[in-house]
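Engineer: The chain contents come next:
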Amino acid sequence: MTQQAEWKPKLLGFLCRWCSYAGADLAGTSRKKYPANIRVIKVPCSGRVDSLFIIKALRLGFDGVLVSGCHPGDCHYLTGNYRARRRIAITKKFLEYLGVEPERLQASWVSASEGGKFAEVVTEVTEGVKEVGPNRLFSERKSDGTEA
Amino acid sequence: MADKKVSKKDIAGLLKEWSQQFAVFAPSKESGVAAMAKWDGQDTSFLDWYRNTVVPPKASFLPQMEEMFRFQKGKEGYNIEPPPKDENKRLIFGIRPCDARAMSILDMTFKQALEDPYYLSKRNNAVLVGLGCTNPCESCFCTSMGTSPTESADVDLMLIDIGDDFLIEEVTDRGKGLIAGTKGLKETAKDDEAKAEQSKKKAYDRVTRKLDTEGIKDKLLASFDDEEYWEKVAAKCISCGICTLLCPTCYCFDINDEMVKQEGTRFRSWDSCGFPNYTKMPMENPRQEKWRRVRQKVCHKYEFYPMTFDVIACTGCGRCIRLCPVNWDITQVIESVPNKTEAKK
Amino acid sequence: MEQRLRQEARALLEQNKVDWIIGFAPGSLKFTATPLITRDKDDTERLVISPFMFNNLADFLTGIEGRVGIVAKGCDSRSIVSLIQDNKIAREDVVILAVPCPGLIDLAKIEKLVGKDRDELDDIVREGEKVTVTVDGQKKEFSTTQTLFDHCLACELPTPQEYDILLGETRPPAPELKVSGQNIAKLKETSPAERWEFWQNEFSRCIRCYACRNACPACFCQRCFVEETEPQWVMPVPRWQDNLIFQVVRNIHVAGRCTDCGECERVCPVNIPLRSLAREMYNMVDELFQFKSGMDKEALPLMAHYEQEEAEDLFR
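Listed in order, the protein sequences are those of chains D, E and R. 1 is the number of the first residue of the first sequence in my numbering; add one for each residue after it. 1001 is the number of the first residue of the second sequence in my numbering; add one for each residue after it. 2001 is the number of the first residue of the third sequence in my numbering; add one for each residue after it.
Calculated from the structure, these hints are not laboratory results. No experiment lies behind these values; they were computed from the predicted model shown. It is possible that some hints are incorrect.
[Stated by the list, open to error] With a straight-line Cα cutoff of 25 angstroms, these simulated SDA-like cross-link-like pairs (lysine to any residue) come out:
1. D/K42 - D/T29
2. R/K2188 - E/P1276
3. E/K1217 - R/S2028
4. D/K93 - R/H2305
5. R/K2139 - R/R2126
6. E/K1280 - R/F2060
7. R/K2041 - E/W1291
8. R/K2292 - R/K2112
9. R/K2112 - E/Q1288
10. E/K1004 - E/V1171
11. E/K1195 - E/K1217
Model the full structure from these sequences, guided by the hints.
Structural biologist: Here you go:
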């Protein structure tokens, strides 16, 4: 696998089943164009997304992660997305502090009727990830540590 | 009869000379913690600070993690690649007698009980050059465990501090052969042997921590079921793995496979009987309770290993005492084991 | 004050107000105190108030059954309150013996300043803002700014707010945030790529002893994510990638419960600067949500609470 060959970013999306996933479906049925680089995992609620999933996704080699849920106030489970909001906020900032490019974790509120917004979000996120390049965060280090 | 010595100022030269034949390892803090590391070719500042490493030299023979082999999954099954043999000639410079004794104790498991090829290929190709202690730590108790700060039985060469020089005790044939071919050495002077004996005695006397292990095997056997006692002993333990992972005689390991698509690697890595899940099985965990795990650790070292190999699996290096987050102290525990052996009669 | 502590602890056991006493006894090494966990009223004679009582004893509360009389410094009491917030322990099941803390001496800092190991020192004496170390018969003087733990220099609550028995005079906070936060500040001056490489290096020597997790009162999960095998989130193999993920996710999981007691960094046997992660999370939680862990036992835990409008700038 060479970097010279045209690299296509791989994104992982956690979409809440009630709003964002439906919104994504709507984008599809409305024939809205958006980059095909995203793989989707349906979760019951954005509040289901543990920070562990996000970091595991980066570990596995995904170049970017998108978490999308219902707008605050509209959560099917009433408060799940409020939890997600706090959790994603600290995860995003913490990863930035560690040195992870902020473009690699993005979050959005997309309702079931916002097919257009979903397409826009994926397009923007893909562009952002393209700019920061392939995820080499967890590849073996260049400098070889000495080992006894 | 030692007839060679090396000046402390010439250690760098000596290591350079040996670097031509061996990958030389010496104490270093470069990684952020004191450990044996590949000598960088010049630094001998460890002679100023070195008392003992945090990571024990067992890491050179039983590494924290080790690739056992790689494999691929094909249509007909698994193809296992034979592991590359690690037959690099290593020289571990500065190993302390407690850690060298620990290597001999580990050999009982990895040589006698079974022949572990990963361990043996490294062990058989390593020369141990010991460095006798002059400044034992307050946590050291080697003199109670059948060895001493300057014991030479478990190394190829033992260097004894005699002031400006190190006297070189040639122990094994391999050690003798190495010295015979080494240039940067001096002849010993007439009173150097006496100086060495003085240095040894001084170091011996500086070990203040003492432990009486008389009859401990039987005492532990008799107290095995004393749950109340073991609960007390285990009360402040937090079940981390520090005492076991950094113990030079502990050898438990875990084996894990990692597969990505059709390719996989089998790893061996350090494990600890202190971890709550160490004995977890689908149906049950026989050591769910902390006191059982603490009892296991103490008994393995001071009862079971002696039952099998006639030696206590502890060399008094003191790491477990110094590094324990709650200052759990094995010497206090061993001293407190009730003596029920008379009552049993 | 020690006498009073022993009397109070003994009385609590004798009057059957608690089942256990958790405090500190003298350690088996110089400059060490060790946790004492006992049901025996005579054992209370061993209790001490020591300048080396580093452990956060709240760590033992989630593993013990029954009512507990517990010695608590300021940071410890915040951990206790945090556990009460999380409903892990009931307020009526703990009797808090509050010990106002003047800040504790970091032996690692002293070792660096003096150039000797701790067991080679003759004595360490503190008088107010002065710390005198005697080594080889010679006295060397240092300030508390040079010798206290970084987390003590940032201490916002030296005297427990929540307590039953107060053993000493209350102390005001005197946070020297600038000094205590200098490791984090230094990191923030580097580029993201340099920072990531820094952490790669640090976590290369992690041996996965889990002392950081086990010494942390906020880590009380019966089943930690690192021990999960279905699915295997993190390999038990101590590669830097897995080590880093373990620590990062651990810090995120305890966000809002971490009181910056500094234990994680102190107990790490291979000197990984874990507090540079924990404290940054602590600061972030304050910055983003104005939340300080363990201050109000009636308050909801961080992740259980939310405001109508917050952090919206991070969402599309």
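Engineer: Checking each numbered hint in turn, tell me which of them this model violates, lowest number first.
Structural biologist: Violated: hints 2, 8, 9 and 11.
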